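Peer 1: Here the protein sequences come in this chain order: A and B. What the first sequence shows, in the working numbering, is residues 1 to 672, in sequence order. What the second sequence shows, in the working numbering, is residues 673 to 793, in sequence order.
Be aware that one or more of the hints could be misleading.
What the hints assert, rightly or not - Simulated pairs of lysine-lysine, BS3-like, Cα-Cα distance not exceeding 30 Å: (1) A:Lys508 to A:Lys532; (2) A:Lys296 to A:Lys508; (3) B:Lys742 to A:Lys196; (4) B:Lys767 to B:Lys715; (5) A:Lys446 to A:Lys32; (6) A:Lys154 to B:Lys715; (7) B:Lys717 to A:Lys196; (8) B:Lys742 to A:Lys154; (9) A:Lys532 to B:Lys717; (10) A:Lys508 to A:Lys391; (11) A:Lys576 to A:Lys644; (12) A:Lys577 to A:Lys460; (13) A:Lys460 to A:Lys424; (14) A:Lys458 to A:Lys424; (15) B:Lys742 to B:Lys675; (16) A:Lys154 to B:Lys675; (17) A:Lys196 to B:Lys715; (18) A:Lys106 to A:Lys154; (19) A:Lys508 to A:Lys525; (20) A:Lys458 to A:Lys446; (21) B:Lys717 to B:Lys675; (22) A:Lys446 to A:Lys424; (23) A:Lys525 to A:Lys446; (24) B:Lys675 to B:Lys715; (25) A:Lys460 to A:Lys532; (26) A:Lys154 to B:Lys717; (27) B:Lys717 to A:Lys644; (28) A:Lys106 to A:Lys391; (29) A:Lys391 to A:Lys640; (30) A:Lys196 to B:Lys675.
Stated by the list, open to error - Sample of chain B residues lacking proximity to chain A, with all beta carbon distances greater than 10 Å (derived): (31) Ser674; (32) His676; (33) Asp682; (34) Ala697; (35) Thr700; (36) Gln713; (37) Ala716; (38) Lys717; (39) Asp743; (40) Leu745.
Derived by calculation from the structure, the hints in this document are not laboratory data. In this text, all values refer to a predicted model and were calculated from it rather than measured experimentally. Quick reminder that beta carbons are idealized off the backbone N, C-alpha and C, glycines included.
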Amino acid sequence: MSLELEEFLLGFFEETDEQLGQIEEGLLLLEKSYEDPDLLNTIFRAAHTIKGNSGMLGLPEIANFTHRVEELLDNMRDGAVSPSGENVDLLLRSTDCLRDLVNCAKQGLSCETEESTLLADQLQSALAVSEEGPPQTDSAQEMPRYEIRFTPYKSLVRRGVDPLLLIESLPQVGSILSLEMQTDSVPDLSEFDTQKCYLAWCVELETREPVQSIEDIFEFVDDDGQVEITRLNPHQISDPLPAEPSVEQATPDISNEPSPKAPGNQESSQPTVRKPAPARSGSVEDSNESIRVSLKKVEHLINTVGELVIANSVLNQTIGATGAADQLPLIEAMALVDTTTRDLQEQVMAVRLLPMSTVFRRLPRLVRDLASELNREVDLQICGEDTEVDKQVIEEIQDPLVHLVRNALDHGLEPAEERLAAGKSAQGVLRISAFHDGGSVAIEIKDDGRGLDTERIKAKAIERGLIRADEPLTDRQIHALIFHAGFSTAAQVTKVSGRGVGMDVVRKNIENLSGVVELDSTLGKGCTLTIKLPLTMAILDGLTVGLAGEIYIIPLLSVVESIRLDSRQVQTVAGKKEVILVRNEPLPLVRLHQRFGVTPASSDPCEGLVIILEHQNNRVGLLVDELHGQQQVVMKSVEKNYQKVEGVGGATILGDGRVAFILDVAGLTRGQ
Amino acid sequence: MSKHALVIDDSNTMRQMVTFTLQDAGYTVVEADNGQTALDQAKAKAFDLIITDLNMPVMDGITFIQQARKDSLSRHAPILMLTTENAPERKQAGKAAGATGWIVKPFEPATLLGAVGKVVR
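Sequences and hints are given; from them, build the entire structure.
Peer 2: As structure tokens, then:
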């Protein structure tokens with residue numbers, strides 16, 4: 001069971017994350033439009049499921065806390081409590097707290113925080129009326145005897161009830177002293193309906209068990225006098241134990257149910273409020289049929305397909321080399337294998353893809369909170385939630401994205417007065433979009449705030465000793481400074497932006513995903529940050545170049561262009577550092593052969609080829625012998641299989657079986 | 673021959689919990705995540721037991737029970753609904769629709785099997 005339980009827990013955490021997202025999303029909508037019963041139902045249902053699941057999985061803190069949340073939601077649904085801003089706020093904070101509790105549970109901790117206790121109290125006091133029935137106790141005397149009259153409705157069997165099964169269960173509780181079946185109402189055969197129950201029973205039972213356990217057997221049929229249980233002990237005869245509705249059913253319920261006592265009437269007691277859930281963004285995909293597969297299996301599959309792709313190109317080259325290429329059937333067969341392999345590869349990759357909405361869903365809440373904290377008016381526009389991205393990217397992009405949104409609100413968008421003074425609308429626009437851009441995914445964070453102030457950045461960078469005062473820098477290079485470790489410092493730490501993470505951490509996180517950040521800013525007009533990420537981490541679009549007889553691969557994402565130099569473009573600065581002039585922009589020249597200590601075909605930069613690489617708004621020219629082409633390669637880690645090699649980000653196996661290194665562009669541009 | 677059960681819940685966790693418990697007790701289980709899919713299943717096959725959640729998208733549990741009782745191969749099957757402690761009116765509605773019994777969430781596997789024992793031989 002423990003293994004199953006663990007599996008349940010994993011599933012529970014995943015599901016709860018989704019539901020908390022739904023609750024949050026719903027609450028934010030609720031804040032905007034007060035009266036939408038479906039919306040409240042959706043929120044309620046999510047909370048309800050969390051409560052049920054957590055209770056069952058032995059997570060009482062979560063269950064109890066969610067119970068409070070659910071109660072308040074229920075009150076709102078009944079109209080007893082208004083979904084005012086204050087209450088929604090309380091619920092939002094409770095959602096956060098719940099997320100914390102769930103995170104604790106993930107680590108196997110059970111932690112009732114001060115906050116959760118406090119919030120639970122607040123939730124309690126926000127309720128309309130709180131009523132609690134007294135606990136029911138029932139103690140039995142010595143060997144009591146009971147008379148049980150069971151007179152089922154004729155329609156009972158239509159509900160799938162088997163009356164005999166109930167009678168047969170009685171010996172589990174006590175010993176049957178007498179049993180009588182009443183057949184009075186059985187009609188003539190001609191009128192006999194097999195869909196009806198015409199029998200009734202009267203049983204005398206002796207037991208020490210509480211009467212509850214007898215009632216329990218008849219739990220599902222015990223209403224409206226179908227079952228009468230009477231205690232027969234002499235001194236209690238005058239006071240028979242009631243077979244009345246139990247306490248929970250006695251709760252007054254006026255709101256709905258015009259004729260509560262009509263169990264035979266199917267029409268009168270329709271479900272009260274519930275309609276099918278509205279087709280909201282999340283629910284559509286949730287209802288898709290799906291299976292849960294462990295990530296390991298998927299990764300194994302992807303790896304195997306990767307090997308297949310390589311094997312396929314080895315086969316292709318071998319056929320070409322052996323001269324079998326003139327055999328038409330063979331070529332046709334190979335072409336088929338080619339397309340199928342590519343298809344397979346794409347589809348297997350798609351398994352790992354998730355929509356960006358998983359990440360974007362959290363943003364409205366974040367922006368709402370930040371906007372009120374920072375006193376900004378923000379129009380948040382989100383588009384491209386459907387853009388699919390690798391699961392790993394989804395997981396790791398969250399923090400950087402949150403940070404960038406914080407920055408945009410804190411440093412980018414101005415307060416309303418300042419905006420009005422600058423001739424802008426009071427409400428700032430923050431637009432976050434995701435889209436596919438060739439083989440990569442781009443996430444754009446665009447604000448129409450004040451933009452980066454080049455002069456101030458420069459001044460601060462000089463103050464911090466990041467650059468020399470006389471260093472000639474382009475705007476782009478200056479902007480890139482904000483990604484420098486040590487740029488963001490205590491002086492600008494506010495509660496919002498300064499959580500100890502600077503833009504350098506953001507950059508590093510994105511680089512770890514083999515992505516790049518681009519920045520485009522106009523003073524006074526706003527700032528656009530674009531994160532470009534590979535669609536998948538396992539396969540890389542590369543430019544293949546030749547140097548000293550070997551083949552190297554450069555991630556295509558970093559390649560700007562390739563040029564053949566003219567001798568006038570090559571210059572030497574300060575006697576040793578080589579630069580090349582590309583459209584009047586001086587770029588450092590990196591001779592790859594020097595980095596790797598190999599002998600190039602020619603050491604004259606004008607005979608080789610220069611690839612312009614860009615990284616963090618820094619550009620360099622990389623000198624290689626020749627350009628081969630463009631190829632998708634399956635990335636293998638060098639570090640894991642051998643050790644870290646400077647300038648090498650990974651390796652791959654080429655079509656002919658040779659190993660080629662994948663260059664680490666970040667390493668090559670660093671220190672230039 | 674093992675008994676066949678149909679388990680309906682839109683929550684994966686809950687559904688699996690019920691499924692595993694029933695499987696442990698020797699049932700062969702078919703799952704559905706809303707009333708409509710479940711109804712299609714119930715129309716095609718006579719189940720020995722049906723356990724359904726009430727609040728679900730697409731088709732809720734009450735409607736499912738009504739429909740299953742009206743016209744399906746499983747119209748005589750015992751149907752247990754998954755309810756909560758504080759919704760007596762839902763329980764009534766469920767019974768009126770034709771539910772055999774109910775299980776109050778949250779529950780232990782033993783409670784579930786207890787309820788099942790009351791409706792299945």
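Peer 1: Hint by hint, say whether it matches the structure.
Peer 2: Hints versus structure:
1. A:Lys508 to A:Lys532: holds, 13 Å
2. A:Lys296 to A:Lys508: holds, 26 Å
3. B:Lys742 to A:Lys196: Given pair lysine 742 (chain B), lysine 196 (chain A) holds - Cα atoms ~15 Å apart, limit 30 Å.
4. B:Lys767 to B:Lys715: OK: lysine 767 (chain B) and lysine 715 (chain B) at ~20 Å, within 30 Å.
5. A:Lys446 to A:Lys32: Given that 30 Å is the threshold and the Cα spacing comes to 24 Å, the pair holds.
6. A:Lys154 to B:Lys715: holds, 25 Å
7. B:Lys717 to A:Lys196: Status holds; Cα separation ~23 Å.
8. B:Lys742 to A:Lys154: The hint holds at about 17 Å.
9. A:Lys532 to B:Lys717: violated, 52 Å
10. A:Lys508 to A:Lys391: Answer holds: lysine 508 (chain A) to lysine 391 (chain A) is near 19 Å, not above 30 Å.
11. A:Lys576 to A:Lys644: holds, 29 Å
12. A:Lys577 to A:Lys460: holds, 27 Å
13. A:Lys460 to A:Lys424: At roughly 28 Å apart (the allowed maximum being 30 Å), lysine 424 (chain A) and lysine 460 (chain A) satisfy the hint.
14. A:Lys458 to A:Lys424: holds, 26 Å
15. B:Lys742 to B:Lys675: holds, 22 Å
16. A:Lys154 to B:Lys675: Roughly 27 Å between the alpha carbons, so the hint for lysine 154 (chain A) and lysine 675 (chain B) holds.
17. A:Lys196 to B:Lys715: Distance ~22 Å between lysine 196 (chain A) and lysine 715 (chain B) Cα, so the pair holds.
18. A:Lys106 to A:Lys154: violated, 51 Å
19. A:Lys508 to A:Lys525: With a Cα-Cα distance of about 27 Å, the restraint between lysine 508 (chain A) and lysine 525 (chain A) holds, given a limit of 30 Å.
20. A:Lys458 to A:Lys446: holds, 23 Å
21. B:Lys717 to B:Lys675: holds, 12 Å
22. A:Lys446 to A:Lys424: holds, 16 Å
23. A:Lys525 to A:Lys446: It holds: about 11 Å lies between the C-alpha atoms, which stays within 30 Å.
24. B:Lys675 to B:Lys715: Holds: lysine 675 (chain B) and lysine 715 (chain B) sit about 17 Å apart, inside 30 Å.
25. A:Lys460 to A:Lys532: holds, 28 Å
26. A:Lys154 to B:Lys717: holds, 26 Å
27. B:Lys717 to A:Lys644: Violated, at about 61 Å.
28. A:Lys106 to A:Lys391: holds, 20 Å
29. A:Lys391 to A:Lys640: holds, 22 Å
30. A:Lys196 to B:Lys675: holds, 25 Å
31. Ser674: holds, 19 Å
32. His676: Holds: least Cβ distance 14 Å, greater than 10 Å.
33. Asp682: violated, 8 Å
34. Ala697: Given a closest Cβ separation of 13 Å, the condition holds.
35. Thr700: holds, 18 Å
36. Gln713: holds, 13 Å
37. Ala716: holds, 17 Å
38. Lys717: It holds; lysine 717 (chain B) is separated from chain A by about 15 Å at its closest Cβ, greater than 10 Å.
39. Asp743: holds, 13 Å
40. Leu745: holds, 13 Å
The structure fails hints 9, 18, 27, 33 (numbered hints given earlier, in ascending order).
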